[in-house]
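J.: So the chains spell out like this:
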Amino acid sequence: MLKHWMEKPLAQYAALAFILGLAVWYWGFVFSFHYKFDWSVLFVENKTYGLNLGLELLKGLSLTVKISLLSAAIALTLGTALGLARLSHFRPLRWVATCYVEFFRNTPLLVQLFFWYFALPKLLPDAGREWLFSLHYEFWVAVCGLAAYTSSFMAEVIRAGLQSIHKGLLEAAYSSGLTYFQVLTRIILPLAFRAIIPPLGSEFLNNMKNSSLAMVVGVADLTWQSQQIESLTFRGFEATTAATVLYLSLSLIISGVLNTVNRRLRVERPARPGWMDLALDRVLLPVNLFLRGLTRPLRRMARRRRQSLTRSALGALWARFLGLARRALVLAGKAVFLGLLAGLAWKIFEGLSAFDWAVVRDNFTTMLIWRFPHGDEHEILWGLGGLSFSLLMAVIAISVSFVMGLVIGLARMAENRVLRIPATAYIELIRGNPLIIVIFWVYFFVPVLLDTFLNVFWSATIALTLFTAAYIAEIVRGGIQNIPRGQFEAAYSTGLTYAQTMRRIILPQALKQMIPAIVGQFIAIFKDTSLAYVIGVLELTFVAQGLNNRLMVHPFEIYSTVALLYFLGCYAMSLFAARLERRLSPERIRLRM
Amino acid sequence: MRSLKTLAIASLLLLAAASVAMAGPAYDRVMKDKTLRAGIMTDSIPGAFYNEKKEWVGFDVDIAEEIAKRLGVKLERVAVNNKTRVAFVQEGRIDISVANMTHKRERDKSIDFSITYFFDGQKVLVKKGAVKDWKDLMGKKVATMQGTTSEINLKAKLKSLGEKNVDQSVISFQKESECFQALQMGRVAGWSTDSTILLGYAAQEPGKWEVIGDFISDEPYGIGLPQDDSALRDAVNFAIQDMWTDGAYMKIYDKWYGPNTPYAFPMSGKIEMWP
Chain A
1 MLKHWMEKPL AQYAALAFIL GLAVWYWGFV FSFHYKFDWS VLFVENKTYG
51 LNLGLELLKG LSLTVKISLL SAAIALTLGT ALGLARLSHF RPLRWVATCY
101 VEFFRNTPLL VQLFFWYFAL PKLLPDAGRE WLFSLHYEFW VAVCGLAAYT
151 SSFMAEVIRA GLQSIHKGLL EAAYSSGLTY FQVLTRIILP LAFRAIIPPL
201 GSEFLNNMKN SSLAMVVGVA DLTWQSQQIE SLTFRGFEAT TAATVLYLSL
251 SLIISGVLNT VNRRLRVERP ARPGWMDLAL DRVLLPVNLF LRGLTRPLRR
301 MARRRRQSLT RSALGALWAR FLGLARRALV LAGKAVFLGL LAGLAWKIFE
351 GLSAFDWAVV RDNFTTMLIW RFPHGDEHEI LWGLGGLSFS LLMAVIAISV
401 SFVMGLVIGL ARMAENRVLR IPATAYIELI RGNPLIIVIF WVYFFVPVLL
451 DTFLNVFWSA TIALTLFTAA YIAEIVRGGI QNIPRGQFEA AYSTGLTYAQ
501 TMRRIILPQA LKQMIPAIVG QFIAIFKDTS LAYVIGVLEL TFVAQGLNNR
551 LMVHPFEIYS TVALLYFLGC YAMSLFAARL ERRLSPERIR LRM
Chain B
1 MRSLKTLAIA SLLLLAAASV AMAGPAYDRV MKDKTLRAGI MTDSIPGAFY
51 NEKKEWVGFD VDIAEEIAKR LGVKLERVAV NNKTRVAFVQ EGRIDISVAN
101 MTHKRERDKS IDFSITYFFD GQKVLVKKGA VKDWKDLMGK KVATMQGTTS
151 EINLKAKLKS LGEKNVDQSV ISFQKESECF QALQMGRVAG WSTDSTILLG
201 YAAQEPGKWE VIGDFISDEP YGIGLPQDDS ALRDAVNFAI QDMWTDGAYM
251 KIYDKWYGPN TPYAFPMSGK IEMWP
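Protein chains in written order, with our numbering: chain A, 1 to 593; chain B, 1 to 275.
These aren't lab readings, by the way, just hints derived from the structure by calculation. Even glycine gets a Cβ: it sits at the ideal position worked out from N, Cα and C. Where hints are given, some of them may not hold.
Said to hold, decoys possible - Derived coverage of chain B by chain A (criterion: at least 3 residues anywhere in the stretch with Cβ under 8 Å from a Cβ of chain A; other residues may be distant): (1) 44-51; (2) 57-68; (3) 215-223; (4) 228-239.
Claimed, not checked - For lysine-lysine, the following DSS-like pairs were computed, each having C-alpha atoms within a straight-line distance of at most 25 Å: (5) Lys-47(A) / Lys-140(B); (6) Lys-141(B) / Lys-164(B); (7) Lys-122(A) / Lys-159(B); (8) Lys-208(B) / Lys-59(A); (9) Lys-141(B) / Lys-59(A); (10) Lys-208(B) / Lys-135(B); (11) Lys-47(A) / Lys-128(B); (12) Lys-135(B) / Lys-59(A); (13) Lys-66(A) / Lys-164(B); (14) Lys-164(B) / Lys-122(A); (15) Lys-36(A) / Lys-164(B); (16) Lys-159(B) / Lys-47(A); (17) Lys-59(A) / Lys-159(B); (18) Lys-109(B) / Lys-122(A).
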């Protein structure tokens, strides 16, 4: 009877409204907060400081948008070049691109930003430093650091997209007489782009959210400004809420644009384009015109050359000369590249040999385990800290978020709105915000809602878990949606229930597909533990800062070691992921560009 | 999709409807549990920091220990930073905050303060011989910490000297160590905050840095206390007064700021003795 009623949308909405009402009633009227809301801090000028803090917040928003757009553009250019370089025939180039991608993907953005901002200028001669500092250095460090980080992810997306094209398709194209250029523009790029756009879009979204870390190098972005309101007026609740709403709207705008692009890339286009499509057409018009203008002469040239199959003697000589010149140019380019590479390697070697390794040696155990086992019993795990703490946080977050993600992902796909709507809301809310904002929420406000106090370690771990669960839920959804519809139907028709179908038929297959993505998410958690430093968890980044603070003169040694430690952990995981990926999809072949 | 967005916003508003709580009378809790939870900084030398043996030491740590001893309870140290120290007192996560905290009226709207237990003023740290006075810093960049009174004072001072674009010339970092690093690499010409903090950092590389200029503000340090808990406020105030009269205070002071320490800072005699 109940089951019958719960299938009606009206009953489902009623149940949802009831739950919402219950929560409002409890926290709105029963639970006592002893806190007076003062939303006016967000729009009234503050007398003490003579500032309109809401206006400052909007300034931060515009800076966040500016950083996101600039860094996304740079990252896309750099990422495309790197993605192509990873498929190059020229081995040193491929090798450098691989090193770059692996290194930047597997170290936390926070550590990278610290390195760019605090360590890099020390390498430069005085004149170079003067020049750098005459620019708006903080802003450009944030933009370029972010771009360097994002580009490594984009490079992987682009490489995978290009490699996902079947070899048979290329062979068919070549055998039907198309030229290389035609194959590239007619076959490879359209197909690759269709595969690339969705993951590339989520990189744009991540890039925007990662811009929240710009505050560590003193850039007054949105997160910085909300923190500023908090520390000037102690209206943390109002400030964080405002920042959350702004981030969420930015995310929704970005994902709206991405959805539209996705829809347009599908083979069958919708009969009646929505307003989003039309708006996108307007926005993309100049880009389209530019691309068309750029490729037309190339295409025409290719066509003309094919039309004249016979050449005069002079023409043949000229063509040969051109061919030789081109080869010489390529060779020279390779030589220059190798020279630059050798120079860079020498510089790195020089820098490393100037390091004071004794500092690293003396403080290595501190970085690994802080003062375990000599801490006192009040501390979590008797004084554990540093790398082992980061690992511990990651392991807890990974195991809990996997289960949570699975449940929420299934709920997100349920027919019943009582499950689906809250699950969707949770996923969108969490994914629409930067991790740092989620950490602040858990740290400051969840204990208040539940009326207990949490240790910083647990707050950070809970925030990481909540954050990752939303991402895993989406991976689970994607995995399940990839399973052909017929499998469900076949399972139901043999008399299996929903639970049985999921457990025995769908999930085993879907999980296998999801493994690479999930491992990728786990790598991300391990890196993201570095963000716990903002609330003072004694993890690796925090310990490194403390050490650097005390020793003062060795930031290079310490930050390099920290970066290496993160890298080793992440790289081991990504090797594992790559092996799984290869084992799970044996038919993929290496496409070369 | 639209109903989903509405729901997301609705649940957000619900979260927003909830807010920061305050625990009941802190004094009763302290006496019942026999523990005093004190918020202490972790990277302020010599206020409170981790030394080579990874022990949490410093002037503020000793003051907090002494107060707990005089209340007859055990001290539980809670790490705070300039962002969390006020919020923690407000939320009741800590009972007192001994964390380089200037007693300001704006802060008094949210929490209470003890009598002054330390008196400092704001100056600026520069490379030795590079800059003589505040005036020389015009047109250059100066570092400070985000969300502190130092930031406000610095901006006001630079404005009063005729600096047009204060937002460009003041760079605010999250931590003291980051300010010092920015100074070390030459990104900023000076770092301005309370002079004892500057002394602590200058002592890390003796002879390379100096603290210059007049005090641009008075910074009476108070201990942050929960709003309207006069029993706890009295207990802490009496403890500070007793420490001062029986000499325990000067002993701690000399240990960290005495003439034989790297952070020598002469006692100014401005310490107030009552609320």
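J.: Take the hints in turn and mark each one as holding or not.
T.: Hint by hint, here is what the structure shows:
1. With a threshold of 8 Å between beta carbons, the proposed coverage of the region 44-51 of chain B by chain A holds, since 4 of its residues qualify and at least three are required.
2. Beta-carbon proximity to chain A at under 8 Å applies to 0 residues in the region 57-68 of chain B; the threshold of 3 is not reached and the given coverage is violated.
3. A count of 0 residues in the region 215-223 of chain B with a Cβ less than 8 Å from any Cβ of chain A is obtained; the coverage claim is therefore unmet, three being the minimum.
4. With 0 residues having a beta carbon nearer than 8 Å to a beta carbon of chain A, the region 228-239 of chain B misses the requirement of three or more and the stated coverage is violated.
5. Simply put, Lys-47(A) and Lys-140(B) have alpha-carbon atoms about 28 Å apart, too far for the 25 Å limit, and the pair is violated.
6. Straight-line distance between C-alpha atoms of Lys-141(B) and Lys-164(B) comes to about 13 Å, which keeps the hinted pair within the 25 Å bound.
7. A distance of roughly 31 Å separates the Cα atoms of Lys-122(A) and Lys-159(B); the hinted pair therefore is violated under the 25 Å criterion.
8. Distance check on the hinted pair: Lys-208(B) and Lys-59(A) sit about 38 Å apart at the alpha-carbon level, beyond 25 Å; violated.
9. A hinted pair counts as satisfied when its Cα atoms are at most 25 Å apart, and Lys-141(B) with Lys-59(A) qualifies at roughly 21 Å.
10. About 21 Å separates the Cα atoms of Lys-208(B) and Lys-135(B), which keeps this hinted pair within 25 Å; it holds.
11. At roughly 38 Å between alpha-carbon atoms, Lys-47(A) and Lys-128(B) are farther apart than 25 Å, so this suggested pair is violated.
12. A distance of roughly 29 Å separates the Cα atoms of Lys-135(B) and Lys-59(A); the hinted pair therefore is violated under the 25 Å criterion.
13. Pair hint Lys-66(A) plus Lys-164(B) holds up; C-alpha atoms about 24 Å apart against a cutoff of 25 Å.
14. Of the pairs offered as hints, the one joining Lys-164(B) and Lys-122(A) is violated, with about 30 Å between alpha carbons and a cut-off of 25 Å exceeded.
15. Distance hint between Lys-36(A) and Lys-164(B) is unfulfilled; the C-alpha atoms sit about 37 Å from each other, more than 25 Å.
16. Taking the CA atoms of Lys-159(B) and Lys-47(A), the gap is about 17 Å. The hint holds against a cut of 25 Å.
17. Taking the CA atoms of Lys-59(A) and Lys-159(B), the gap is about 20 Å. The hint holds against a cut of 25 Å.
18. A hinted pair counts as satisfied when its Cα atoms are at most 25 Å apart, and Lys-109(B) with Lys-122(A) does not qualify at roughly 44 Å.
Checked against the numbered hints above, the structure violates hints 2, 3, 4, 5, 7, 8, 11, 12, 14, 15 and 18; every other hint is satisfied.
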